[in-house]
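In order, the protein sequence lines correspond to chains Z and F.
Counting the first sequence from 1 gives a position; our numbering is that position plus 211.
Counting the second sequence from 1 gives a position; our numbering is that position plus 211.
To be clear, the hints were calculated from the coordinates, so they are not data collected in a lab.
Treat the hints with caution; some may be incorrect.
Which copy? The list can't say, so a pair holds if one copy fits it or any two copies do.
[Said to hold, decoys possible] Here are the simulated DMTMM-like pairs of lysine to aspartate or glutamate, each with C-alpha atoms no more than 20 Å apart in a straight line:
#, residue 1, residue 2
1, Lys216, Glu353
2, Lys355, Asp241
3, Lys301, Glu291
4, Lys216, Glu279
Computed from a predicted structure; not experimentally measured.
Below are the chains, spelled out letter by letter.
Protein chains: 2
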Amino acid sequence: MQPWKTRSRTRILNHGPYLTVENHTVELPDGRIISEWPWVITPDYVNVLAVTERDEFLCFRQVKYGVEGASLAPVGGYIEPDEDPLDAAKRELMEETGYEASDWIDLGSYRVCGNRGFAMAYLYLAREARYVTEPDADDLEEQKLLRLSRSEVEAALEAAEFKALPWVTVVALALHFMRERAAGTP
Amino acid sequence: MQPWKTRSRTRILNHGPYLTVENHTVELPDGRIISEWPWVITPDYVNVLAVTERDEFLCFRQVKYGVEGASLAPVGGYIEPDEDPLDAAKRELMEETGYEASDWIDLGSYRVCGNRGFAMAYLYLAREARYVTEPDADDLEEQKLLRLSRSEVEAALEAAEFKALPWVTVVALALHFMRERAAGTP
């Protein structure tokens with residue numbers, strides 16, 4: 212199974228740090244050429260489901276411009292230029308909640324859109340989180356930090372109360388990991 | 212917690228059916244105005260994890276332009292204009308695999324990006340899938356249909372072999388639902 216090849220790329224929209232759009236000329240494995248394949252570039256980001264030493268799940272009730280109504284959300288944010296994704300995850304946890312965690316589990320990195328790109332999402336489970344300082348987030352959005360039980364998080368997952376795709380993903384993967392680890396699977 | 216309000220919107224890129232970009236003027240709850248908030252519109256889509264009457268999970272091994280190397284992927288595709296998301300899910304399952312399913316579980320709809328929009332992803336678990344006809348997909352990508360066991364799907368999930376965000380999401384949510392349902396929780 213052969214990959215598609217990028218033959219050329221032309222920037223068609225430069226909107227500053229949060230959005231660039233390119234046209235790619237793409238060659239398929241059978242030689243066909245697609246001359247105007249749109250490719251969207253927004254910053255790569257992290258999302259973190261953090262669990263405290265007391266098994267409290269740190270989540271926000273939050274409004275976001277792209278999400279209808281208030282939503283539950285995990286910690287998250289953009290990765291700075293040249294920043295390591297795990298460092299970004301630790302930074303966002305500290306800035307948004309004032310917690311730091313001693314046990315970090317990499318839940319994988321995922322392309323947000325298989326066709327247009329968009330960004331890479333780096334997902335983490337952070338365990339043994341401890342409160343160490345005042346949070347210092349510079350986000351524009353209103354958000355309220357909640358400490359939920361595992362059963363509350365599971366109920367919210369099932370009710371689709373984590374309303375953005377990366378948020379529901381990190382929660383579902385973290386719960387899967389915790390359940391498998393508890394069951395003794397490697 | 213008040214939502215942000217859209218005061219005006221201007222189209223700044225029209226790339227045909229697969230991509231439109233707008234600038235929004237946004238008003239925050241405290242009255243502040245953000246005058247150039249980029250908003251990206253791509254088609255809404257469905258992803259379906261389909262399980263046969265024999266507990267085989269229908270997945271593809273597939274290449275996608277935006278994904279590095281071959282990936283495992285569920286059934287999925289764009290929703291046609293004015294098409295109901297569940298109808299789109301049934302159509303994509305039929306076109307891509309030749310299967311139809313009698314038991315459909317809605318796993319929720321999610322905004323792909325809480326900031327920029329991108330699309331809505333509608334996710335489904337389809338059970339009791341039966342092979343009824345030759346598949347008839349018009350996708351450009353090479354793909355090979357696999358019938359995986361549940362333990363193979365779980366291992367692939369844990370190894371991050373579903374490499375795009377909506378794919379890993381529908382798999383994780385479907386497994387969560389099946390486990391909860393089996394455990395007798397409502």
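Indices of hints not satisfied (ascending): No numbers; nothing is violated.
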